[in-house]
Amino acid sequence: MMRNMKTLVAALLVLALSACANVAKMDKGDQALGERLMVTLDGPWNQVNAPGLGPAQTWTMEGLPVDQLRIYSGIKDGEAIFTGGAGQNAKRIDFRSTMQADDIVGMFESMLTRDGSTFKLDKLEPWSFAGEKGFRFEFTFTRKIDGVVNSGVGYGTVSKGELFALLYAAPRLGFFPRHKDKVEQMARSARLKA
Amino acid sequence: MKRRRFLAAGCLCGLGAPLLARAQAQEGAAEWHMPERFARPESSSDEGGLWSLMDREEARLRRSPFTIRDTELHARVHGMVCNLAGSHCPDVRTYLMHTPYFNASMAPNGMMQVWSGLMLRVDNEAQLAAVLGHEVGHYLARHSLEQLRTAKSHAAAATVFAMFGAVGAIGQVGVLANFSGYSRDHEREADRIGLTLMRGAGYDPAQASRIWENLLLESKANPAANRPSPLFASHPAPEERMEVLEKLAQANPGGVTKESEWSQAVKPFLHEWLADEVKRGQREESLALLGRKIASSPAAGEYLYARAETYRLRGNEGDLDAALADYLAAAGNAGPAESHRGLGTVYRARKQMPEAKASYQRYLELAPAAPDAAMIKSYLEEIGT
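One line per chain: the protein sequences are A and B, in this order.
All residue numbers for the first sequence refer to this note's numbering, where the first residue is 1 and numbers rise by one.
All residue numbers for the second sequence refer to this note's numbering, where the first residue is 195 and numbers rise by one.
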């Protein structure tokens, strides 16, 4: 009985997602990400467009939920990077332009652990991102839903009060080592329009 | 089956005295007797199917990275469950789960889950025993099977499963995560059995109603508290529950709380569990919890630091002042090294650069290998210029 129900739910979910989500190919070369951020890709990525992904662009190499690159481009002071839940469990995570690097990392941590997943900061260091004074961080992230241990890396800066950041996470074994250099190359290529 | 009966006989001999106490009638309740141990049901039966599902969930828990594998804490909590479960002890397995919500559950196959959010919130062993006893009560009264048989639809059956399983499916639950599918009558019965069990195990039954008092404090602190909580929707009203539990406790007073023992047992985990609590992002609930803990806790430094972080992250008017006061108090009360980082952050935001510099330097002295050390050094360089 339960198996039949699970199959039914899975089928409905696939139908629902196929109706709402679409995937676009992001080609090698220069790509504009929002109004001010530009990156140069050394190979193609998949961009996933679906409801509920928030203000970030969501890219993947292997397909969701295996690996995920979130791109935050021009997030303004007071803008939410996550909203979810309802009633007493409602949660909203806002960006503030006064946030320091460790606060921004904490903001991403809150977003990733909203379902009880765990996040461990492995390293946070100053880094020049998009030609601005910024930061780079590495983390370990264990997903509550399936217990898969992910490695992650993030880059960010605040320019003219707006947040620009990349956040990549993939399973620690296999997928993260396979793609981390592509992400690092993309981060190094980032630049901002004035 | 022979082996089980033998084990049961052994347990009954060893725990005979408490069991006699457990069998005593309570005010307002019919006399309750500990049932005999349950045999594994036929796999073709509905109950057998439920057990199989729970067995699969349990296999997942054994491998889960969210299972707390500290042998000392596990031995303590499992010992409590065993003591409460009496002759059923050999059938019970306990899993401590790293999940920052208030919850425990016991599946019909004997799998008990205890979440870190519950262990953080209870003030003593007696309060934990009250919750565990309640869950053992559901198990002994076989409420889940009754619920399953009452279930008329697939969705209802799924609810029964969700009562014990689906470790990952907690995304939208709050501090009161015990989203039980049991009926109100089942909850009342489990309360009565739980209280009998905790008294029989030597705990002060008056602590049972305190849990509800504390949870209500957190729940009412939430600005959305006027909306019905999922827990209170399926449970008797907490006020009614507190009253009944108090009356039952008064009818059979005495027992121990083991407050200092519990404080010592959870001390090594407080920093991590409090960080989880702050990350939940329910600032008002956290402030209610932390205020209560600070008022009575011997490990105030960790609680003060967590409250300081909560104030700073909430960022309402006056919160930076409150955060500063708590960071200072934490730093002076054996709080974590991060208390000094927090001080640095607040002073920097207030442009008090000499104080910010001293605080960041102190943080690096105490935690030279901190993952954010390089970033803090860059802040110091900025301040220095």
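Hints were generated in silico from the structure; no laboratory data involved.
Treat the numbers as computed from the prediction; the structure is a model and nothing was measured.
Treat the hints with caution; some may be incorrect.
[Said to hold, decoys possible] Distance condition first, Cα-Cα at most 20 angstroms in a straight line; then the derived SDA-like pairs of lysine to any residue: (1) K133(A) with D515(B); (2) K545(B) with D513(B); (3) K123(A) with L574(B); (4) K545(B) with Q100(A); (5) K551(B) with G512(B); (6) K76(A) with M99(A); (7) K551(B) with K76(A); (8) K123(A) with A564(B); (9) K551(B) with A561(B).
[Unchecked claim] Listed next, the stretches of chain A that the computed footprint assigns to chain B, with coverage defined by at least 3 CB atoms under 8 angstroms from CB atoms of chain B: (10) 31-40; (11) 66-76; (12) 140-150; (13) 169-178.
We put the CB at the ideal spot given by N, CA and C, even for glycine.
Numbered hints the structure breaks, given as an ascending list: 1, 5, 7, 10, 11 and 13
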